[in-house]
Structure formats: C-alpha cells, structure tokens
Amino acid sequence: NAGVTQTPKFQVLKTGQSMTLQCAQDMNHEYMSWYRQDPGMGLRLIHYSVGAGITDQGEVPNGYNVSRSTTEDFPLRLLSAAPSQTSVYFCASSPTHSGTGVYGYTFGSGTRLTVV
Amino acid sequence: GENVEQHPSTLSVQEGDSAVIKCTYSDSASNYFPWYKQELGKGPQLIIDIRSNVGEKKDQRIAVTLNKTAKHFSLHITETQPEDSAVYFCAASGGGNNRLAFGKGNQVVVIP
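From first to last, the protein sequence lines stand for chains A and B.
Everything in the first sequence is counted per this note's numbering, starting at 1 for the first residue and increasing by one.
Everything in the second sequence is counted per this note's numbering, starting at 1 for the first residue and increasing by one.
Bound conformation, chain B alone:
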C-alpha cells in the first residue's frame, strides 16, 4: 500500500520567516495530496490540497508543490505567524476506496 513519510519531525521558525515541510510517497498511482493542520485538542483540518495534474497551488500564505517524478510534495508557509503553530499532516491517496495514507505529522513552532 501507499507509504507517506514527512520530514522534519519538528520545525521551529521565527515569526515572519517561511516554513517548508516535505513529504515523500511511494505509490506512483496516487493522484491526490492534501495537507491538514491540527491545533492542540482539535481534529485535523484540511488547509490545502493538490491533484496530480497540477504542479503548484497557492492559497494566500500557503502553497503546495508536487514533483511526481521524484514522488514528493511540499507545504510552504510564508510570513509565518504564531497562529501557524500546529501539527501538520500530509497524505496521499492510495489503497483505493477513497482511502488516504497519512504521514506521521510535523510539529511547527513559530517563535514570536
């Protein structure tokens, strides 16, 4: 089945700087790659997603890029703010039947 890995596990950035989280996936047939943000005590929330027919997608301060050849995709957060501090999960479609395989998550800490 699909295997998704995230790096680094913890990322600390100064407020205003950019943060980048990278994920790799194993199944070349995967065609959907969402990113979720989980704040303390809450459920994961979808923040951005990309499909395999697109190389990049932006939504205000966040963007996702996809490299199908290398089988990796990345989340970019620009002008980070304290409210960006959270755990971020990447996922990839795989296993059929609408299933998503999730990475283990990255803790992002924005230092004021």
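For reference, chain A alone in the conformation it holds in the complex:
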C-alpha cells in the first residue's frame, strides 16, 4: 500500500513548455485533488475530482487542466508554463462524502516545480 504517489519530485521548465504532473493512489479513494503551496499562501485548491470521469475547478484553476479516466490516476497538466506557476504541488485523495461528513485527506510528497 503506497498511498499517494507523485512524480516527478523536482522539475525545471522553461516558460511556454508544457508538462504533466502525475498522481496515483492505491487506496481506492474516489476523491482526488491538486493543491499548490506557495510561501505565506497556504494550500490553494487547483482542481478536484469526486470520481472517474468527473472533475471540477478549485480556486486557482487557470493554466491547468486535469482528467480522471481511472479511479487511481489524476494527472495535472500545465498547458504553457509561466514563472507564476513556480510552486510546490500536492496531490491528495480521500474516501468520498458518505453522509457522515468529509474524510481526512492523504497527501502525496509533492512536486517542486520551477519555471524559468
């Protein structure tokens, strides 16, 4: 049971390049989400998914795309990287709302992205 696995751990991109950050979980969690963490800003939600085939925007979605073709995987795509997207990105997953409330998230170890 590996939990939430993110790859790569580090990445440097040039402005305008595109790339995909990978996220996979083996806990059969239906809910998955992407956050970015910047100094003094806490964790800001980019996109989230409540199950395969369903995605929605968070508070900072511009410049990012997601898809959810399987329960296990939730990749985050940067369409045309900009220096403002330099950040640490975290993927998280949890069981879904079951009527008793939200459940705690399991986070991956993060991807540190630098755009030059």
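Derived from the structure by calculation, the hints contain no laboratory data.
The structure presented is a predicted model; accordingly, all values stated were derived computationally and were not measured.
Don't take each hint at face value.
Beyond 12 Å from chain A on every Cβ pair, some chain B residues (computed) [unchecked claim]:
no.	residue
1	GLN6
2	SER12
3	GLU15
4	THR24
5	GLN38
6	ILE47
7	ARG61
8	ILE62
9	THR65
10	SER74
11	GLU79
12	PRO82
13	GLU83
14	LYS104
15	ILE111
16	PRO112
Here are a few chain A residues that face chain B, going by a calculated C-beta distance under 10 Å [as the list claims (entries may be wrong)]:
no.	residue
17	MET41
18	LEU45
19	PHE90
For every residue, glycine included, the Cβ atom is placed at its ideal position computed from N, Cα and C.
Since the structure of chain A is provided, determine the placement of chain B on it from the hints.
Just chain B now, kept in the frame of chain A:
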C-alpha cells in the same frame, strides 16, 4: 465559501511546554475539522480531526477542541518535543463535494 484563519503565524515554545494553535472558520455548516502536520520537504500528514458532534478529542500528546458557537477550534500539543517542530495546517469542510478549506499554516518551533 468557507474561510479559515489561523493564529499565530509562528509559535516558539520551550521543550516540554504546551503549544496551542487556534483557527476560526466562517461557515456554520462546516462539520469536519482536521489538523495536518507538515515537516520540511514532505507533504501534509493528518494528525487529528474532529467532527461537529464532538467538543474535544485527544490522541496521546495532542488534542483538538471545537467551539461551534464561536466558530473556532484549537490544536493543543502538550509536553512538546523537538520532533513537534513543523508547520501545522487546520482545515474545515466547506464548499461541498468533499472539499476542505485550509488555513495558511502555523510554524511551530520547539526550542531544546
């Protein structure tokens, strides 16, 4: 949507003393309040959580209290140790669809 605020931003304590971090939330409908610990270079890790039908929950040296009337909840760490040094995030359920709103985090430094 839900708005969560944490105070203070940085907290320094002597080893063995207690540390308390307080968070306030805005949405009275929120019913789940987790706390996460983030060590340097790692992802946040859930350390304790509480639901709105409970006023207090303890797990060894950590505890969380919830005041629904005042809309605030607090993390208490007793007998602090150097390994407690980390950033702590509070969160509250809000926005529907399993979403959590996070505070900006508190840096806790335990001085040996």
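Against the structure, the hints:
1. GLN6: Non-interface label fails for B/GLN6: nearest chain A Cβ at 8 Å, not farther than 12 Å.
2. SER12: holds, 18 Å
3. GLU15: Holds: least Cβ distance 27 Å, greater than 12 Å.
4. THR24: Holds, because the least Cβ-Cβ distance between B/THR24 and chain A comes to about 14 Å, which exceeds 12 Å.
5. GLN38: About 9 Å separates B/GLN38 from the closest Cβ of chain A, which leaves it inside 12 Å; violated.
6. ILE47: violated, 10 Å
7. ARG61: holds, 19 Å
8. ILE62: At about 14 Å from chain A, B/ILE62 clears the 12 Å cut-off, so the statement holds.
9. THR65: holds, 18 Å
10. SER74: Its Cβ never comes within 12 Å of chain A, the nearest being 18 Å, so this holds.
11. GLU79: holds, 24 Å
12. PRO82: holds, 22 Å
13. GLU83: Given a closest Cβ separation of 18 Å, the condition holds.
14. LYS104: Non-interface label on B/LYS104 violated, nearest chain A Cβ at 4 Å vs cutoff 12 Å.
15. ILE111: At roughly 23 Å from the nearest Cβ of chain A, B/ILE111 sits farther out than 12 Å, so the non-interface label holds.
16. PRO112: Holds: least Cβ distance 26 Å, greater than 12 Å.
17. MET41: holds, 7 Å
18. LEU45: It holds, given that the least Cβ distance between A/LEU45 and chain B is near 7 Å, below 10 Å.
19. PHE90: Check passed: Cβ of A/PHE90 comes within 5 Å of chain B, closer than 10 Å.
Consistency note: the structure conflicts with the earlier hints numbered 1, 5, 6 and 14.
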